[in-house]
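*Asks:* These are the residues of each chain, in order.
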Amino acid sequence: MSPTVTTSSAANGNVSAATAAAAARTADAGTQPVTFAKALNSALADAMALEDSVLVFGEDVGVLGGVFRITDGLTKRFGSERCFDTPLAESGIVGMAIGMAMNGMRPVIEMQFDAFAYPAFEQIASHVAKMHNRTKGRVPLPMVIRIPYAGGIGGVEHHCDSSESYYAHTPGLKVFTPATVRDAYLMLREAIDSPDPVIFMEPKKLYWSKEQVDLEALRLSHETDAVPPTEGRAAVARSGTDATLIAYGPSVSTAMAAAEAAALEGRSLEVIDVRTIVPLDDATICESVRKTGRAVVIAEAPGFASVSSEIVARIQERCFHSLAAPVLRVTGFDTPYPAPKLEKYYLPSVDRILDAVDALQWEEGA
Amino acid sequence: MTTTEPRDAIEQVSSKFGITPEDYMLPARTEIHMLDVNGKLHPSGQQGAEPGHEYPLPSPKALVDAYEQLVIGRRVNDQNSALVRQGRMAVYPSSHGQEACQVAAALCLAEGDWMFPTYRDTVAVMAKGVAPMEVMAGFRGEWHSGYDPKQYKVSIQSTPLTTQLLHAVGVAHAAKLRGEDTVVLAMCGDGATSEGDFHEALNFAAVFNLPVIFFVQNNQYAISVPLSQQSVAPSLAHKAVGYGMAGERVDGNDLVALMAVLGRAVRLAREGNGPLLVEAHTYRMQAHTNADDATRYRQDDEVQAWIAKDPVTRMRAYLADAGLLPEETEARIAASAEAVATTLRDGMNAENNPDPSELFAHVYSTPTTQMAEQAAMLADELAREEDAK
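Chains as they are written, first to last, in the working numbering: chain A, 1 to 366; chain B, 1 to 389.
Worth flagging that the hints you see were computed from the coordinates, not collected in a lab. Here the structure is a predicted model, which is why all the values come from computation and not from measurement. Do not take every clue at face value.
Said to hold, decoys possible - Once the Cα atoms are required to be at most 16 Å apart in a straight line, the calculated EDC-like pairs of lysine to aspartate or glutamate come out as:
1. B/K309 / B/D36
2. A/K136 / B/E142
3. A/K341 / A/E157
4. B/K16 / B/E54
5. A/K136 / B/D36
6. B/K176 / A/E157
7. A/K136 / B/D148
8. B/K150 / B/E111
9. B/K176 / A/D52
10. B/K16 / B/E50
11. B/K40 / B/D321
12. B/K176 / B/E5
13. A/K136 / B/E134
14. A/K136 / B/D355
15. B/K61 / B/E330
Said to hold, decoys possible - To spell it out: a stretch of chain A is covered by chain B in this simulated footprint if at least three of its residues, at any positions, have a beta carbon under 8 Å from a beta carbon of chain B; those stretches are:
16. 245-258
17. 299-313
As the list claims (entries may be wrong) - Short, incomplete list of chain A residues facing chain B, as computed with Cβ under 10 Å:
18. I93
19. N103
20. G104
21. R138
22. V227
All residues carry an ideal CB built from backbone N, CA and C; glycine is no exception.
For reference, chain B alone in the conformation it holds in the complex (with noise of 0.2 Å):
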């Protein structure tokens, strides 16, 4: 374990900027930004980042590779959201809109790391390598989580908000004090920020010095209610300086940014500078669920603004642009995503039922007398209504 405490930490990290702390903490005086909303490079130096501090653009691989995740994901949202409205499962909150930051949050990550995503995170826990119909089970509603978190390395997508920003310090805590690199990447919305377990969660992260990096997606929306009614700091980047760690804000649209903006902080944890704070910007497409009625509470106009934002397009007419998609990468792109819609229909479609004698099976390690009296007496309601039959 590295025994820099957590203020010299951010004094070493400042001064290899050569700047001082306070300014290190404090995100950049705007979003950064590398894609237009035509998918055109802005100039280095023109992308939101203060002079000096600029950030390297990925590599052609990573991106095409990226990009590749980033249309499977909206593959993956469109035909969940479609399976919905056939009834083949009761809700799926969609991240439509949102599939940059998902991208860009899985990848980011090394072998080693951990996610702790949110129940809107599903693109991303796909994207991390969780197999889909292991991810589709929960929404299925055949138990509260289908994949194994230790597995993957994703924890289960938590529905209670922030309550999973405090696992995954504990989980960075752990691996720091067994000397691992581990970095964890910690998940949540822009409401969400309002509540207690995010303030303990950053404050625990900075003090035990952990390598977390907290990611907000800043979708504008808490279900209805917009975030000029949750918070009025200067943007939710800036809180970071309240905890003593670093803040930076990104067009959560543009994966080309979140995937500089994210793999600099990365990095920066995984040297043992800390925890850091990372808010994109971006826009939830759709409702809350299909259970919610966006038209309620915001106008068509904002909805379509946002449009002319969508992180597929402008990431493809970047690619197109740079000549990085030729038409057998396209189509092999498109095979990719078809072939995951393929397997979430045929998944959907399968019968399953689940078995009721697990009811009991979990609750403890080994079920106690009690469990063990129910399960008898369920089972021996079964077996009548079988001999009814």
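Chain A on its own, in the form it takes in the complex (with noise of 0.2 Å):
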């Protein structure tokens, strides 16, 4: 896969307008481009035309369709029944879910951003993660909670959190994360049929970018089985031989620019692109790093005990005899997530990924 990854500017906040002309473009068939706001939105429509049990509801995402707009049209379109409103408590919507799910139905809630999640943490943790465990697998809980998460995009604090390694930390939880508009569509439908609840993390910065993809062709492909599932599978996006980038969400399409930018300098970097944290592709990161001996792992989030070192973890553990470099990372530094006009030195950057690259000891190397 090669996506046109656009990512938009930090001021643009027109999203309506955005995602109401790229919803007028889609009116016709075949391959155009789509962003990745309407591939959600249209993988929770193809969801609820197919299975009156998956049910949408949040804050705001009813007649408004959502502050990103990615449930624009449900309530018209399904009725106020499956995709409503909820009162403004996020602990409630998760709870709310549960007994949903308990009781036959699929919920597809949303978050309203990354922050705003965490008054509804004792009820993924503790019931969200555990209930099918505690149960012995007699209560599923077959649930997708959406939260758009990270930062890039200018926003005020409690807006910009990369909150993935509390719910990755969580046995129970799966935690899912495209990086692609063909992925955001394809995983979220894997997500709303998932029997594992999911945890499901939206990329913000990503959601006016836009990809050349055919939403009925996808849409076909996923109802009939026709493309592998991503759970559990990483994605090479980037084919490469000197060194592995290891990244998910939005920092594939940074990974992505830094690969491009070293290959004008002679160096070949894979980009593998993680798709789901949990569960985790332990094989398809060790066969990159073993082929290319020396890898580097990118997160917004701080790296400090989180999703990153992780990975890192596992690289040594699996891949120790094969790499001629330790294994570095770039990630947010271990502080709040800034202010708009310092998220600049906070993020990971192309030319912050280069000197990591630089760094791996390529003189004593083989």
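Hints given; two lone chains; assemble the complex.
*Replies:* Dropping the structure here:
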């Protein structure tokens, strides 16, 4: 896959116009530019059309269509019993979804922003994650918690957290995070079909990115099992031979740009898009690192005790004898997410990734 | 699904009672009580209900059946506490003194109705029909929960406070969307009403006009902290009006009154009138658990005063006076209680070693690669231990 990733500028606040325009363009069948947001919207609509038990609810997801317009048009098309607004209470949204999933429904709920999901953390950690295990599988919870996350949009405090490590650290949860428009559609459909609860983390900065895709063809290939599942399968987003960049969600496009730049300097970097943090695809990551002998893990979240540290640990446990250099990381600093004017210093950048690649002991290497 | 808006539902039901929506939502001026401490029936009109809104007396058969469960419940509590003292299980939060609440909570529900209990509601869970040893699996340390919630329509005994009330709301919401007339009874204690999820659950249930009965057993203490330090509301039942639902308070040691009040609440909820909040005044006669020492925070004379209001003694006196407890009935009830106690003793005394490989089996619907690797590691460890023997 080689998506055309167009990251929006930080100043782009005109969400509805962009999405509405994208929606108008997709009225015709066939491959055309589709936004990440529209792919998610279509995945929800297609899942709801296929199965009456799929319900969508949260804050402002009804008439408004969600603050990012991901649920645009769903109430109109499926009625206010299947896509509806709730009182403003995140624990209530997740807790009610648990009960609905216990009683035959497949709720797909929206937490408005990463940091606003924290009030629901007890419901997620103590029940969403544990119900299947504590009942020995008698009470599965097929539900999806959608969380717009991460930064790069110039957002104010509490709107740009990378909270994936909290969920990944909690056994019983699956954690998906797409990085391409195509995966946004397919992975959300998979998450909704999953018998296990899925924390579905949507990189905000990608909502307005576009790719040439055929949504109707994607729908058909998903519903006929014509595409392999993404769960537990990392994608080789770019092939290379000299070193491996491992990234997920919002960092994949940065890693791709870094690989592009490195190629100009004659260095061939492979880029792995993790796609599902839980379950993690150790095999694909390790196969690549054994081949290249060098690796850099990239993530926006603070690096300390994080998904990135887990990936590094697993690489050294499994690939130690293939490594020509220590595995390095380029992550957010161990500080709270900064104010908009400082985020460019905080976020992993192409230059910082290239510096890390340069530090992979090329002189001493084979 | 009924399309009645919550506000219309409250107006319709209050007009049926011939009162304003505000009066419908407010609890009666005193708790509802039908038996006095000696088991004598208060005359109709002196049972706490507002004039014209008296609760009918449950049928004699219903009362005798409930008394049987009450006797079984007391036996279950005392047998389990004894098993803890004998070291047969680590912990048992007893509902000794609260058995009338436990029994009424189970018996007010119909076959397809759901119950959401807490860790102290073991007697209610058994009274709703869950096999005793399946209930005890959790307390025995075999697994966190031992019965099938979907089979019995009884959710897991929640340890976190009031998280289960939201699950109850969700079960009711799903049932309502499918047009089913399921009623859900959601249980918590007085201390739990301070939790945020209590508020969110009541609000969601009211906003979506769902058939949920929030049943608060006010046993006066949250471990050591008395109710006066949890809330200064006129009563916990008064909290209902803040959410736009009806509240009622009832003598929680009076099984007759509990059956009457919960019976009406379930009927109203099933008819589409939205959720209700019922507060039962009772008392936790024993410490929070065997690990707690209640003498550090409450006086013996307070406990003695509640012994005089014991729910089992009062109910027995009432039924005997009414001629509903002939000798053979009493003997049959005693035998059923003893049979359950025997099941508990035998079950707890039986050897039981849970299979360690199950640690990995149920985390996900299908074990992940990582689960499979860790299962293999443990299996290898156990095989080497076996070889070394």
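*Asks:* With reference to the structure, classify each hint as holding or not holding.
*Replies:* So, going through the hints one by one against the coordinates:
no.: 1; hint: B/K309 / B/D36; result: holds, 9 Å
no.: 2; hint: A/K136 / B/E142; result: holds, 12 Å
no.: 3; hint: A/K341 / A/E157; result: holds, 12 Å
no.: 4; hint: B/K16 / B/E54; result: holds, 14 Å
no.: 5; hint: A/K136 / B/D36; result: violated, 46 Å
no.: 6; hint: B/K176 / A/E157; result: violated, 39 Å
no.: 7; hint: A/K136 / B/D148; result: holds, 9 Å
no.: 8; hint: B/K150 / B/E111; result: holds, 12 Å
no.: 9; hint: B/K176 / A/D52; result: holds, 14 Å
no.: 10; hint: B/K16 / B/E50; result: holds, 15 Å
no.: 11; hint: B/K40 / B/D321; result: holds, 8 Å
no.: 12; hint: B/K176 / B/E5; result: holds, 13 Å
no.: 13; hint: A/K136 / B/E134; result: holds, 13 Å
no.: 14; hint: A/K136 / B/D355; result: holds, 12 Å
no.: 15; hint: B/K61 / B/E330; result: holds, 14 Å
no.: 16; hint: 245-258; result: violated (count 0)
no.: 17; hint: 299-313; result: violated (count 0)
no.: 18; hint: I93; result: holds, 9 Å
no.: 19; hint: N103; result: holds, 4 Å
no.: 20; hint: G104; result: holds, 6 Å
no.: 21; hint: R138; result: holds, 5 Å
no.: 22; hint: V227; result: violated, 19 Å
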